[in-house]
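Read off the chains here:
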Amino acid sequence: DVKVTQSSRYLVKRTGEKVFLECVQDMDHENMFWYRQDPGLGLRLIYFSYDVKMKEKGDIPEGYSVSREKKERFSLILESASTNQTSMYLCASSLPSRVPSYEQYFGPGTRLTVT
Amino acid sequence: EDQVTQSPEALRLQEGESSSLNCSYTVSGLRGLFWYRQDPGKGPEFLFTLYSAGEEKEKERLKATLTKKESFLHITAPKPEDSATYLCAVRDYGNNRLAFGKGNQVVVIP
Chain A
875 DVKVTQSSRY
885 LVKRTGEKVF
895 LECVQDMDHE
905 NMFWYRQDPG
915 LGLRLIYFSY
925 DVKMKEKGDI
935 PEGYSVSREK
945 KERFSLILES
955 ASTNQTSMYL
965 CASSLPSRVP
975 SYEQYFGPGT
985 RLTVT
Chain B
131 EDQVTQSPEA
141 LRLQEGESSS
151 LNCSYTVSGL
161 RGLFWYRQDP
171 GKGPEFLFTL
181 YSAGEEKEKE
191 RLKATLTKKE
201 SFLHITAPKP
211 EDSATYLCAV
221 RDYGNNRLAF
231 GKGNQVVVIP
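Taken in sequence, the protein lines are chains A and B. Each residue of the first sequence is one higher than the one before, counting from 875 in the working numbering. Each residue of the second sequence is one higher than the one before, counting from 131 in the working numbering.
Read the hints as simulated data drawn from the structure, not as lab findings. There could be a bad hint or two in this list.
Said to hold, decoys possible - Quick list of in silico lysine-lysine cross-link-like pairs, DSBU-like style, CA-CA up to 30 Å:
#1 232/B to 931/A
#2 877/A to 187/B
#3 193/B to 232/B
#4 172/B to 931/A
#5 931/A to 877/A
Said to hold, decoys possible - Taking CB as the label site, the calculated pair distances span:
#6 226/B to 936/A: 19 to 27 Å
#7 958/A to 204/B: 36 to 44 Å
#8 209/B to 925/A: 41 to 49 Å
Said to hold, decoys possible - So, partial list: chain A residues that the calculated Cβ filter (under 10 Å) puts toward chain B:
#9 878
#10 892
#11 894
#12 916
#13 918
#14 938
#15 962
#16 966
#17 968
#18 970
#19 976
#20 978
#21 983
Backbone N, C-alpha and C fix where the C-beta goes; we use that ideal spot for every residue, glycine too.
For reference, chain A alone in the conformation it holds in the complex:
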């Protein structure tokens, strides 16, 4: 079974803090993704990575950066947390795009609150 783990289930940070969200997958997947999920807005893609040290902006990258130094690990960084970044953050992984079975497998999520 694919397993995607996230470093924290719940996190409370103050405005202006630098925040690190970590994601690890154990299925040797090339692709990894970071989403945020808000009521009424659904899942929105922040960044994704299709290889080590490779990244591509999603639909809402502003205020975020990412790091992928190892294949199994993908980090989301909030450089200076703001209250409008309070959200549920979801990490996902998948096989590469050339493979028909492209389903994404999600981690349990991190509920981040910025006060």
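Since the structure of chain A is already known, use the hints to place chain B on it.
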């Protein structure tokens, strides 16, 4: 731009009352349609992938079907444990991303 619309947004069912959820999509070329189940406060759990019109997939009380413009998730004789939000997503040719709908929230009342 890909567009995925799910209806109804919310649905309350009596236990045993079968129903269907709809996912309408607009893509230039479908490379896969995906259904997920999401419980409150948790990450989405993968259910099915459908690739071409006419294809069907089943898992317990769930059956997903696909046409050229929409997919249905049929819930047969639902139980309270089927209560969840069901998400639909599509992948277009030449795209590494999935476009997600906003979900169908299902509540099954005992």
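Status of each hint after checking the structure:
1. Simply put, residue 232/B and residue 931/A have alpha-carbon atoms about 21 Å apart, close enough for the 30 Å limit, and the pair holds.
2. Between residue 877/A and residue 187/B the CA atoms are separated by roughly 23 Å; this keeps the pair inside 30 Å, and the hint holds.
3. A hinted pair counts as satisfied when its Cα atoms are at most 30 Å apart, and residue 193/B with residue 232/B qualifies at roughly 20 Å.
4. Between residue 172/B and residue 931/A the CA atoms are separated by roughly 24 Å; this keeps the pair inside 30 Å, and the hint holds.
5. For the given pair, residue 931/A sits about 24 Å from residue 877/A by alpha-carbon distance, which is consistent with the 30 Å threshold.
6. A hinted range of 19 to 27 Å for the beta carbons of residue 226/B and residue 936/A is consistent with their spacing of about 20 Å.
7. For residue 958/A and residue 204/B, the Cβ-Cβ distance of about 39 Å falls inside the hinted range of 36 to 44 Å, so the restraint holds.
8. Between residue 209/B and residue 925/A the Cβ separation comes to about 43 Å, which falls inside the hinted range of 41 to 49 Å.
9. With 10 Å as the threshold, the beta carbon of residue 878/A comes within range of chain B, its nearest partner Cβ sitting at about 8 Å, so the hint holds.
10. Hint status for residue 892/A relative to chain B: violated, with the closest Cβ pair at about 24 Å, above 10 Å.
11. Given the 10 Å rule on beta carbons, the hint for residue 894/A is violated: about 19 Å separates it from the nearest Cβ of chain B.
12. Interface restraint check for residue 916/A: the shortest CB-CB distance to chain B comes to about 4 Å, inside 10 Å, so the restraint holds.
13. The interface hint given for residue 918/A is met, as the beta carbon of that residue sits about 8 Å from the closest beta carbon of chain B, less than 10 Å.
14. Given hint, residue 938/A at the interface with chain B, is violated; its Cβ is 16 Å from that chain's nearest Cβ, farther than 10 Å.
15. At a threshold of 10 Å, the smallest CB-CB gap from residue 962/A to chain B is about 8 Å, leaving the interface hint in force.
16. Interface hint status for residue 966/A: upheld, as the beta-carbon distance to the closest one in chain B is roughly 8 Å, under 10 Å.
17. Taking 10 Å as the C-beta contact cut-off toward chain B, the hint placing residue 968/A at the interface holds, the least distance being around 9 Å.
18. A least Cβ separation of about 9 Å between residue 970/A and chain B falls short of the 10 Å threshold, and the interface hint therefore holds.
19. Because the beta carbon of residue 976/A sits about 6 Å from the nearest beta carbon in chain B, less than 10 Å, this interface hint is met.
20. Contact between residue 978/A and chain B, as hinted, is supported at the beta carbon level, the nearest pair being about 6 Å apart and thus within 10 Å.
21. Proximity of residue 983/A to chain B holds as hinted, the smallest CB-CB distance being about 5 Å (cut-off 10 Å).
In summary, the numbered hints that this structure violates are 10, 11, 14.
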